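For the protein sequence lines, the chains are A and B, in the order given.
Going by this note's numbering, the first sequence opens with residue 2, and the numbers climb by one from there.
Going by this note's numbering, the second sequence opens with residue 3, and the numbers climb by one from there.
Hints in this document: simulated from the structure, not taken from any laboratory.
Hints are supplied without guarantee of correctness; some may be wrong.
Said to hold, decoys possible - Selected chain B positions facing chain A (in silico; Cβ < 8 Å):
id : residue
1  : N105
2  : A106
3  : F110
4  : E182
5  : P184
6  : G304
7  : L346
As the list claims (entries may be wrong) - Some, not all, of what chain B presents toward chain A, calculated at C-beta under 10 Å:
id : residue
8  : D56
9  : K69
10 : R290
11 : Y296
12 : N344
13 : W354
14 : D407
In this text, all values refer to a predicted model and were calculated from it rather than measured experimentally.
Beta carbons are placed, not taken as given, at the ideal position from N, Cα and C, and that holds for glycine.
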Amino acid sequence: MKKTKGMFTTTMLTGALMLQGAVADAQGESHAAIQSSESIRPFKVNFPDAALKDLRSRILATRWPKSETVADASQGVQLATIQKLAKYWTTNYDWRKAEAKLNTYPNFITNIDGLDIHFIHVRSKHANALPIIVTHGWPGSVIEQLKIIEALTNPTAHGGKAEDAFDIVIPSLPGYGFSEQPTTSGWEPARIARAWITLMKRLGYKRYVAQGGDWGDPVTEQMGVMAPTELLGIHSNMPAAVPDEIAGALWSHQPAPSTLSADEKRAWDQLDFFFKKGLAYAQEMGNRPQTLYGIEDSPIGLAAWILDHDARSYELIARAFDDKKEGLTKDDVLDNITLYWLTKTAVSSARLYWENKFIFFKPMAVKIPVAVSAFPDELYQVPKSWAEKAFSKLIYYNRLDKGGHFAAWEQPQIFSEEMRSAFRSLR
Amino acid sequence: MTKTTNILASTVISGALALQGTMTNAQGTSHSDVRSSESIRPFRVHIPNEEVKDLRKRILNTRWPDKETVADQSQGAQLETLKELLLYWGSRYDWRKGEAKLNAFPQFITKIDGLDFHFIHVKSRHPNAMPLIITHGWPGSVFEQIKLIEPLTDPTRYGGKAEDAFDVVIPSLPGFGFSERPSAAGWGLERIGLAWNVLMKRLGYSRYVAQGGDWGAGVVEAMGRQAPAGLLGIHTNLPAVLLPEVEGVLGGGPIPANFSEKERSAISDLGMYLRNGGLSYLVMMGARPQAVGYGLTDSPAGLAGWMLVHSGFTKWTYGKDPKQSPTIDDVLDNFSLYWLTNTLASSARIYWESRHLNLTSATSQKTQEISVPVAITVFPDEVIRAQEAWARRAFPKLTYFNEVDRGGHFAMWEYPELFATELRAAFKSLR
Numbered sequence: 002m003k004k005t006k007g008m009f010t011t012t013m014l015t016g017a018l019m020l021q022g023a024v025a026d027a028q029g030e031s032h033a034a035i036q037s038s039e040s041i042r043p044f045k046v047n048f049p050d051a052a053l054k055d056l057r058s059r060i061l062a063t064r065w066p067k068s069e070t071v072a073d074a075s076q077g078v079q080l081a082t083i084q085k086l087a088k089y090w091t092t093n094y095d096w097r098k099a100e101a102k103l104n105t106y107p108n109f110i111t112n113i114d115g116l117d118i119h120f121i122h123v124r125s126k127h128a129n130a131l132p133i134i135v136t137h138g139w140p141g142s143v144i145e146q147l148k149i150i151e152a153l154t155n156p157t158a159h160g161g162k163a164e165d166a167f168d169i170v171i172p173s174l175p176g177y178g179f180s181e182q183p184t185t186s187g188w189e190p191a192r193i194a195r196a197w198i199t200l201m202k203r204l205g206y207k208r209y210v211a212q213g214g215d216w217g218d219p220v221t222e223q224m225g226v227m228a229p230t231e232l233l234g235i236h237s238n239m240p241a242a243v244p245d246e247i248a249g250a251l252w253s254h255q256p257a258p259s260t261l262s263a264d265e266k267r268a269w270d271q272l273d274f275f276f277k278k279g280l281a282y283a284q285e286m287g288n289r290p291q292t293l294y295g296i297e298d299s300p301i302g303l304a305a306w307i308l309d310h311d312a313r314s315y316e317l318i319a320r321a322f323d324d325k326k327e328g329l330t331k332d333d334v335l336d337n338i339t340l341y342w343l344t345k346t347a348v349s350s351a352r353l354y355w356e357n358k359f360i361f362f363k364p365m366a367v368k369i370p371v372a373v374s375a376f377p378d379e380l381y382q383v384p385k386s387w388a389e390k391a392f393s394k395l396i397y398y399n400r401l402d403k404g405g406h407f408a409a410w411e412q413p414q415i416f417s418e419e420m421r422s423a424f425r426s427l428r
Numbered sequence: 003m004t005k006t007t008n009i010l011a012s013t014v015i016s017g018a019l020a021l022q023g024t025m026t027n028a029q030g031t032s033h034s035d036v037r038s039s040e041s042i043r044p045f046r047v048h049i050p051n052e053e054v055k056d057l058r059k060r061i062l063n064t065r066w067p068d069k070e071t072v073a074d075q076s077q078g079a080q081l082e083t084l085k086e087l088l089l090y091w092g093s094r095y096d097w098r099k100g101e102a103k104l105n106a107f108p109q110f111i112t113k114i115d116g117l118d119f120h121f122i123h124v125k126s127r128h129p130n131a132m133p134l135i136i137t138h139g140w141p142g143s144v145f146e147q148i149k150l151i152e153p154l155t156d157p158t159r160y161g162g163k164a165e166d167a168f169d170v171v172i173p174s175l176p177g178f179g180f181s182e183r184p185s186a187a188g189w190g191l192e193r194i195g196l197a198w199n200v201l202m203k204r205l206g207y208s209r210y211v212a213q214g215g216d217w218g219a220g221v222v223e224a225m226g227r228q229a230p231a232g233l234l235g236i237h238t239n240l241p242a243v244l245l246p247e248v249e250g251v252l253g254g255g256p257i258p259a260n261f262s263e264k265e266r267s268a269i270s271d272l273g274m275y276l277r278n279g280g281l282s283y284l285v286m287m288g289a290r291p292q293a294v295g296y297g298l299t300d301s302p303a304g305l306a307g308w309m310l311v312h313s314g315f316t317k318w319t320y321g322k323d324p325k326q327s328p329t330i331d332d333v334l335d336n337f338s339l340y341w342l343t344n345t346l347a348s349s350a351r352i353y354w355e356s357r358h359l360n361l362t363s364a365t366s367q368k369t370q371e372i373s374v375p376v377a378i379t380v381f382p383d384e385v386i387r388a389q390e391a392w393a394r395r396a397f398p399k400l401t402y403f404n405e406v407d408r409g410g411h412f413a414m415w416e417y418p419e420l421f422a423t424e425l426r427a428a429f430k431s432l433r
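Take the sequences, apply the hints, and build the full model.
If you want it as structure tokens, here you go:
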């Protein structure tokens with residue numbers, strides 16, 4: 002209990018100190034004392050009013066650039082869209098609701114490999130629920146997964162059966178959300194994978210599965226490569242499954258091979274677009290994360306950078322601010338951006354790109370069972386043929402007709418059903 | 003005179019309105035009445051006090067990220083160094099002195115191709131001075147050229163002869179500094195090149211030369227291809243010398259057997275720079291200038307952090323070496339200019355406009371089509387050390403090639419007198 006209290010104080014303190022930019026030192030010291038502990042401490046999100054006020058005043062004081070010189074999104078986030086977002090952010094948006102949503106679920110902190118890791122942990126009321134650890138990516142957070150918790154842990158209330166139930170563990174990546182920000186380098190996907198294995202062990206799980214997309218994918222696939230005996234299988238919605246010869250041809254700007262099937266050609270075209278026009282943000286963060294002072298200091302700079310993840314995601318997010326009802330809501334989008342802002346993790350999260358040594362989408366030779374859901378608006382919709390080549394034990398493959406990069410967040414119902422189907426054979 | 007007043011008034015109005023984010027409309031309207039005019043209107047810089055104060059306030063109100071997780075610059079500008087710079091910027095730095103540096107020279111605005119262009123224009127007192135138009139790049143501005151003006155216009159005071167004199171024209175690129183920000187796409191290098199020729203002719207110069215590095219190099223190479231009557235030659239310090247076989251080596255291909263040690267070392271250093279992500283800022287601005295623009299427009303720390311990763315600042319000591327040019331005030335003059343004119347997003351767009359080009363590729367810049375004489379000076383700290391053999395093949399009309407012993411990307415800012423000496427030598431045969 003003493004430690005729990007310590008943690009609360011830290012959060013409050015962090016909130017207050019954040020305004021003076023001294024958060025690094027404050028966090029460093031207060032965590033030193035609990036470094037070696039394996040305790041699991043309850044955690045609640047509660048930012049001080051001052052932090053929210055400061056955010057609001059910064060949004061209102063935004064200094065805007067001139068409008069883009071084109072009529073489309075080809076120069077990046079459009080001024081009209083981001084100004085709509087800004088308006089909503091300072092009027093109808095209420096972070097306390099997001100905080101309440103997060104606090105609806107049991108949140109915890111535990112120290113692994115020297116770093117405090119935050120996670121949500123919800124147990125199902127059903128016996129024999131299958132434990133699952135779900136990993137988000139950039140520019141996501143645990144906010145992405147909030148909508149699947151109920152459906153997975155309480156399937157009978159959400160169109161499933163008792164035997165579909167999961168216990169769910171949703172950690173924040175190091176340097177993301179409420180997980181601690183590493184102060185030294187080395188927290189790359191494989192190290193995170195080892196930490197997740199430790200986490201599941203610490204929670205007492207002897208058999209479990211793992212799921213991830215975006216950065217959650219290399220983390221989850223690395224867990225698959227490490228293959229601890231407790232890990233029954235993994236699921237990915239953005240698998241590393243681009244065959245080497247395809248990647249090579251794409252990188253050297255060769256024409257698409259004539260032998261590609263229709264599904265393969267579609268994936269080729271998506272990858273071609275992404276590699277040529279969509280990788281800039283990743284290159285910047287991969288090479289110079291510390292240049293991004295602007296997104297730590299400017300809420301609108303942060304929002305624009307996050308919205309710009311990929312062309313299709315931008316459309317899916319921008320439509321929320323045009324009051325389209327499908328997929329994400331304005332609150333969803335701003336809950337996530339506000340989380341990045343309040344936790345001051347814009348730059349620390351970007352560092353994962355700098356840390357990473359894996360090549361995007363290059364198969365990792367996972368030997369344990371792998372399930373794949375291929376969403377159409379993902380960076381690339383993996384064809385079955387490539388998934389079969391990449392994973393020696395592909396136990397499940399499904400092509401969906403709806404959903405993109407943030408599938409769990411946009412289409413929680415479909416995503417939850419995918420989890421049930423994907424892992425049914427491993428129970 | 004009415005028009006001059008107009009411009010001044012609109013600058014002041016813009017300043018005030020910028021804070022409310024409606025600058026676009028205000029500028030558009032106030033300029034429309036002078037659109038068709040070819041008049042050349044005197045211009046002086048005066049940024050309203052409240053804008054200068056607002057900048058200071060934002061600097062001191064910066065919300066900082068945590069420190070980088072490494073002990074060097076490999077993740078970008080280091081937190082403590084940047085904090086120190088911003089502290090100086092928000093307290094001891096004086097924009098009015100920067101403004102005075104610009105106002106020490108005659109400045110003008112004139113409309114070309116629908117856009118208002120700002121330029122400095124200094125005539126030499128020597129007869130037969132050669133007219134020279136100099137173009138800056140990103141993240142530079144006319145501040146880069148300030149120290150070069152006197153050595154060029156008044157050579158006898160700077161170790162030169164009267165017959166070395168230049169008349170100097172230094173425009174701000176469209177969307178940069180006090181030039182108007184385009185509201186429609188299309189201001190690529192070719193169009194800027196054409197505008198510069200109009201400008202020189204409007205100033206009454208029937209014979210002139212042109213100089214540029216960085217984006218300025220792309221502009222003068224475009225001018226070289228256009229070869230308008232009266233353009234006697236160009237000089238560049240960032241020539242497009244990357245021949246197909248050099249690009250091949252950079253792409254992982256074999257090194258041609260006849261390449262010298264010097265050529266190999268130039269390629270190897272450039273390859274290292276590219277592999278270490280030296281151009282990621284360029285890729286990002288080319289792909290999504292708007293995404294970069296928001297954070298930089300709203301955060302002085304964001305602006306400084308983003309610009310300081312440019313290779314031109316690799317050896318910059320942040321003012322720790324007081325003898326180094328640019329000084330801390332020089333660099334902050336330049337950053338403040340970008341900030342106060344709200345040109346972060348509009349200047350980044352020059353990358354987007356040229357996103358299909360490679361500024362340093364001979365093929366991409368169609369150097370074979372340059373039909374005017376070309377002069378090149380190689381500064382050793384530029385990321386591409388142009389090799390004479392490459393330059394001779396890339397530029398059939400190469401008339402001058404010289405490697406000097408010091409200077410980098412911002413050579414004229416760092417070593418203005420050396421740069422002036424180079425320009426005198428480079429253009430001597432064309433007088």
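Right, here's what the structure says about each hint:
1. N105: Violated, about 25 Å.
2. A106: 29 Å, violated
3. F110: 23 Å, violated
4. E182: 10 Å, violated
5. P184: 6 Å, holds
6. G304: 2 Å, holds
7. L346: Result: holds, 6 Å to nearest chain A Cβ.
8. D56: 8 Å, holds
9. K69: Interface hint status for K69 of chain B: holds (6 Å vs cutoff 10 Å).
10. R290: 3 Å, holds
11. Y296: Holds. Min distance 4 Å.
12. N344: 7 Å, holds
13. W354: OK, holds: W354 of chain B within 10 Å of chain A, min 6 Å.
14. D407: With Cβ-Cβ at 30 Å, over 10 Å, it is violated.
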